[in-house]
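Q: Sequence:
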Amino acid sequence: MIDPKDVIRHTSVERLNQSADNYFSSVTDLTHLLSKPFSDIREVPDLLMNIGLLIKGLRLGKSMTVLEMAAGSCWLSRYLCELRCHVIACDVSPAALEIGKQLFQKLPLVRQPIAEPSFLLFDGHQLELESDSIDRVIFNDGFHHVPNIHQVLSEIYRVLKPGGIAGFAEPGRHHSRSAQSQIEMSSYSVLENDINLQEINDVAKSVGFGDLNTAILSDGYVQPDQHRQILNNAMSIETSGQILKSCTQTMSNKTIFFLSKGEFVPDSRSAEGLACAIELLRREEFEYKLKLSMKILNTGSSKWLCRNFADIGIVKVGVQLLSLDQLLINDSYKRFDLGQDVSPGQQLFIELEIPLPADHGSRLLRIDLVSEDVCWFGHLGSTPMLVTL
Numbered sequence: 062m063i064d065p066k067d068v069i070r071h072t073s074v075e076r077l078n079q080s081a082d083n084y085f086s087s088v089t090d091l092t093h094l095l096s097k098p099f100s101d102i103r104e105v106p107d108l109l110m111n112i113g114l115l116i117k118g119l120r121l122g123k124s125m126t127v128l129e130m131a132a133g134s135c136w137l138s139r140y141l142c143e144l145r146c147h148v149i150a151c152d153v154s155p156a157a158l159e160i161g162k163q164l165f166q167k168l169p170l171v172r173q174p175i176a177e178p179s180f181l182l183f184d185g186h187q188l189e190l191e192s193d194s195i196d197r198v199i200f201n202d203g204f205h206h207v208p209n210i211h212q213v214l215s216e217i218y219r220v221l222k223p224g225g226i227a228g229f230a231e232p233g234r235h236h237s238r239s240a241q242s243q244i245e246m247s248s249y250s251v252l253e254n255d256i257n258l259q260e261i262n263d264v265a266k267s268v269g270f271g272d273l274n275t276a277i278l279s280d281g282y283v284q285p286d287q288h289r290q291i292l293n294n295a296m297s298i299e300t301s302g303q304i305l306k307s308c309t310q311t312m313s314n315k316t317i318f319f320l321s322k323g324e325f326v327p328d329s330r331s332a333e334g335l336a337c338a339i340e341l342l343r344r345e346e347f348e349y350k351l352k353l354s355m356k357i358l359n360t361g362s363s364k365w366l367c368r369n370f371a372d373i374g375i376v377k378v379g380v381q382l383l384s385l386d387q388l389l390i391n392d393s394y395k396r397f398d399l400g401q402d403v404s405p406g407q408q409l410f411i412e413l414e415i416p417l418p419a420d421h422g423s424r425l426l427r428i429d430l431v432s433e434d435v436c437w438f439g440h441l442g443s444t445p446m447l448v449t450l
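First residue of the sequence shown: 62, per the numbering used here; consecutive thereafter.
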């Protein structure tokens with residue numbers, strides 16, 4: 062039985078890096094790597110569930126700069142690009158990154174990316190990135206290969222922006238003892254370490270992170286009556302015991318956790334926490350234009366951005382043109398910049414001059430806020446203002 066602690070004690074970071082590169086260099090048929098996450102039907106459920114939980118826990122927003130560590134063949138980096146993130150795929154293996162470049166060539170993105178993906182070779186010690194430059198860091202099934210977790214977590218903390226989040230989807234606390242882990246450590250001279258959350262939490266705090274947060278995981282299923290008990294907050298001892306057993310089994314073999322650099326404040330690059338109240342203060346209608354004075358209050362928990370990379374997530378006043386029975390005619394009739402970032406609880410006053418359509422007597426205007434390329438506030442529950450012409 063190979064003990065991962067012995068591997069860490071007797072194997073240098075450079076040698077482990079070389080072992081990883083040897084593995085990717087030895088692959089002659091790239092089909093399995095290039096078709097991930099759908100290359101093995103046995104792996105698909107866990108992979109997709111992990112990615113869903115990672116993306117949700119990372120609280121991703123469009124245009125964010127995301128560093129994928131241990132990117133391997135970069136299949137996840139490709140999907141992050143599809144989500145309109147600016148992606149840096151990072152790995153210790155030059156061969157892996159070359160495979161990743163092939164993947165982007167063979168499977169080009171469906172739409173033009175906001176920025177071309179970057180490929181960064183990591184020496185296992187220091188990231189060639191500026192401090193406070195990354196919005197999110199993601200480790201999908203790669204952190205358990207890291208021997209020097211203190212140094213790597215220090216680097217992740219350094220490159221994350223204040224309020225940034227790092228997310229990890231990893232195996233469990235007894236990972237090294239599985240037959241597959243033992244074979245891979247003996248055959249490829251790689252590290253298959255156990256995930257000890259207490260140890261990771263202690264190290265993370267020592268480099269500056271706050272408390273580690275772990276996802277609650279379960280692969281279990283319940284009957285309709287048990288489902289009803291759960292929804293009614295009236296679980297029987299048998300049902301609660303069944304759920305606890307399922308969680309224990311799943312979380313012994315799988316770990317998804319998150320680390321934050323300081324307090325997280327959502328912003329308008331995602332729909333989280335977007336809410337507003339619009340109040341009409343004055344209205345003047347002329348032959349060809351409508352002048353409105355309004356007060357707008359940020360009633361949500363998210364900061365509204367007035368500038369951003371690729372103009373994604375910028376909050377503007379959006380004017381939509383409707384028929385009298387409120388059918389949408391033009392959802393981009395007019396846009397107005399706010400001119401400043403707006404924090405939660407902050408209000409601002411704005412004056413609009415809206416040109417009137419030729420047939421304005423049979424039209425309505427709906428005035429709402431919109432986070433560009435993200436969502437309209439009205440779709441999240443805020444009340445738009447309807448103006449009869």
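In case anyone wonders, no lab produced these hints; they're calculated from the structure. Beta carbons are placed, not taken as given, at the ideal position from N, Cα and C, and that holds for glycine. Some hints could be false.
Distance windows between CB atoms, simulated [to be verified]:
hint	residue 1	residue 2	range
1	266	143	30 to 38 Å
2	267	87	33 to 41 Å
3	418	274	26 to 34 Å
4	110	186	30 to 38 Å
5	354	257	22 to 30 Å
Below are the BS3-like pairs computed for lysine-lysine, each with C-alpha atoms no more than 27 Å apart in a straight line [as the list claims (entries may be wrong)]:
hint	residue 1	residue 2
6	364	315
7	356	306
8	222	352
Q: Evaluate each hint against the coordinates.
A: Tested hints:
1. 266 to 143: 30 to 38 Å: holds, 34 Å
2. 267 to 87: 33 to 41 Å: holds, 37 Å
3. 418 to 274: 26 to 34 Å: violated, 51 Å
4. 110 to 186: 30 to 38 Å: holds, 32 Å
5. 354 to 257: 22 to 30 Å: Since the Cβ atoms of residue 354 and residue 257 sit about 60 Å apart, the hinted range of 22 to 30 Å is violated.
6. 364 to 315: With Cα atoms ~34 Å apart, residue 364 and residue 315 exceed 27 Å; violated.
7. 356 to 306: violated, 53 Å
8. 222 to 352: It is violated: about 41 Å lies between the C-alpha atoms, which goes past 27 Å.
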